[in-house]
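As you go down the protein sequences, you meet chains A and B in turn.
Residues in the first sequence are numbered from 1 upward in steps of one, following our numbering.
Residues in the second sequence are numbered from 1 upward in steps of one, following our numbering.
Since the hints were made in silico from the structure, they are not lab data.
Possibly wrong hints are sitting among the right ones.
Here are a few chain B residues that sit away from chain A, every Cβ distance over 12 angstroms (derived from the structure) [what the hints assert, rightly or not]:
hint	residue
1	G35
2	L43
3	R59
4	T87
5	R117
6	D147
7	A151
8	Q160
9	L181
10	A183
11	D204
12	A212
13	D224
14	A225
15	G250
16	R252
Chain A side only, calculated, beta carbon under 7 angstroms to chain B, not exhaustive [what the hints assert, rightly or not]:
hint	residue
17	A154
18	A201
19	L234
C-beta: ideal position from N, C-alpha, C; glycine also.
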Amino acid sequence: MRPLALSCFTATSAIGLGLEATYTALRARRGALAPCAFETVALQTWVAEVPQVDAVRLPAALARFECRNNRLAQLALAQDGFIAAVQACAARHGPRRIGVFLGTSTSGMLQTELAYRRRGPDGALPEDFDYATTHNAFSLGDFVRRSLALEGPAAVVSTACSSSAKVFGSAARLIEAGVIDAAVVGGVDSLCLTTLYGFHALQLVARGPCRPFDMNRDGISIGEAAAFALLEPLTPDAPAGTVWLTGVGESSDAYHMSAPHPDGLGARAAMLAALADAGRRPEDIDYINLHGTGTPSNDAAEARAVAALVGTRVPVSSTKGATGHTLGAAGALEAVICALALRHALAPAGINTTRPDPALAVDYLIDNRLDELACVLSNSFGFGGSNCSLLLERPHG
Amino acid sequence: MAEDPPPPLQAYVRAIGVLGPGLRDWPSTAAVLTGREPYTPALTEPPPPVALPPAERRRVGATVRLALSVAQQAAAAADLDAAQLATVFAASGGDGAICHEICSTLASPERQISPTRFHNSIHNAASGYWSIAMRSTAPSIALTAYDGSFAAGLLEALAQLRTRAAPVLLVSYEIAYPEPLHAKRPLAAAFACALLLEPRAGSDTGARIEAALAQEPCDTLEDDALESLRLGVPSARGLPLLRRLALGDGGRVVIEYLPGLQLAVEVTP
């Protein structure tokens with residue numbers, strides 16, 4: 001693919017609002033998982049909740065989009081000058097020439113869960129419940145497109161935990177086709193009962209804070225996050241230090257709906273496709289931000305795929321010990337974390353993990369590694385066997 | 001240095017699949033859309049997903065069965081290796097029946113939701129089951145643009161064709177939601193269509209389509225019942241395009257995409 005600059009990017013998760021707070025937390029190895037006190041959830045599990053979401057109010061004109069997921073989106077959009085950067089881009093190209101491609105798994109489903117508790121005697125949902133602007137996955141795309149006053153093409157990708165990685169591909173293809181000049185990409189997923197009880201029912205949830213790649217890992221910890229990037233084609237005047245998206249690789253496992261291929265064949269195919277898309281080789285990779293959910297089988301499969309690709313030569317880690325698994329937002333959140341890694345020469349530690357599983361033949365970081373990085377890979381794999389890897393680069397000098 | 005303008009968003013339609021109320025496949029749908037046969041709506045009955053392994057076959061709901069059936073119609077009509085096809089699954093929302101079950105359970109004191117129901121609730125369930133059924137490791141995406149999901153899927157499919165230069169199967173599908181969700185999202189019927197698109201003309205390919213964003217009124221259908229179907233199910237927003245393909249005479253159609261933005265498709269026989 002033709003490289004695209006991440007000309008502005010931002011992330012909001014439980015470890016911090018915006019880039020500065022996110023980087024500070026990563027640098028300090030500070031996580032945000034805590035025993036679950038979300039809503040009325042009665043499960044022994046830890047979650048990474050963004051406490052500031054509750055106080056957010058949407059603008060009056062967009063009040064019908066009111067739900068936790070869109071509040072989280074708004075909170076994140078307000079960080080790091082993102083809105084101003086998009087407005088400047090829209091002023092350059094026109095609002096019809098900028099696309100919006102976002103990922104989510106559950107969007108505002110919490111709103112429906114709550115509405116079901118308020119069903120009338122006839123079983124009807126309450127008057128004030130609005131499906132289209134809250135629960136429906138496109139609610140997120142519609143809300144962000146209106147918030148940013150953009151008028152170009154838009155879609156919401158919902159492929160479980162690879163959703164907001166795959167949007168980078170969709171946006172890149174339309175930019176390459178000349179349909180748009182730039183795109184807002186990203187992902188937003190927020191806590192809801194469906195995912196908390198659903199992953200619990202599948203027995204995939206850790207009892208304590210998740211410990212990806214640890215000998216004693218016992219499942220995921222769910223988090224919530226919103227992350228966005230403005231993607232634009234290469235311009236000669238791009239500032240030094242710009243982070244580029246250079247490759248997107250996608251594959252399907254064709255194996256099982258909720259378990260990965262045991263040898264990580266789909267994961268490996270996605271990583272190889274991202275490298276091929278960028279014209280890079282495995283030797284070029286300096287760091288891999290793993291999908292690293294913390295379930296025994298997910299990590300084992302990913303480790304086999306990574307080991308087959310780069311052996312123990314490349315430092316790898318999962319940042320889900322800090323942020324929790326933010327599901328449909330994970331792809332975009334971890335792409336932004338990779339951009340921070342490139343910018344600050346920091347391969348972040350996988351926190352909570354104390355004894356990396358020796359059966360997983362990779363160089364798993366349990367301490368930060370401060371070293372120049374030029375080329376990093378971010379993995380996102382989801383239910384339905386949906387895999388996506390992104391290659392991000394920041395040339396030295 | 002001046003750059004060459006990018007090639008247009010275009011494709012050749014190799015095969016089509018349709019399943020909807022009174023519409024059982026592409027030949028019968030084409031006969032209705034061209035007025036050769038009268039339109040008589042009837043309940044849509046998605047066939048069992050015979051391509052899936054028995055364990056998976058038992059687990060899938062009606063939405064996945066509907067999507068897989070039109071996808072298989074198109075793949076079978078084209079007589080090519082379905083495992084090699086990249087796929088785009090476009091649906092305005094997830095499975096309503098599963099959502100209803102999950103939300104009902106979560107509103108009860110027990111809250112014990114079924115693990116199978118949970119993993120089947122994902123928007124990419126049809127995509128996942130298709131890849132398992134066809135043993136396809138090709139890229140697959142699942143997306144929504146609410147009522148404009150068909151156009152969003154078509155745009156994604158055409159962009160993929162341009163980038164990867166390999167065939168893409170677009171599958172667009174919805175099933176009516178049960179109450180009380182139906183009152184909040186009144187989908188009129190179960191309808192699905194699939195378009196198997198190729199980047200280059202071949203001996204078996206049909207019409208060429210070329211798409212561009214537009215700001216014009218959407219095409220409608222003359223037959224009242226068909227127009228109700230078009231407006232009643234987001235996937236049926238593609239019917240004016242299917243009609244144009246059935247007529248075989250070429251021309252331009254405008255289909256619904258987003259508020260203030262439509263997709264215009266030029267069909268060349």
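Subject >> Hints violated by the structure (listed by number, smallest first) >> reply: Hint check: 3, 4, 5, 6, 7, 8, 9, 10, 12, 19 fail, others pass.
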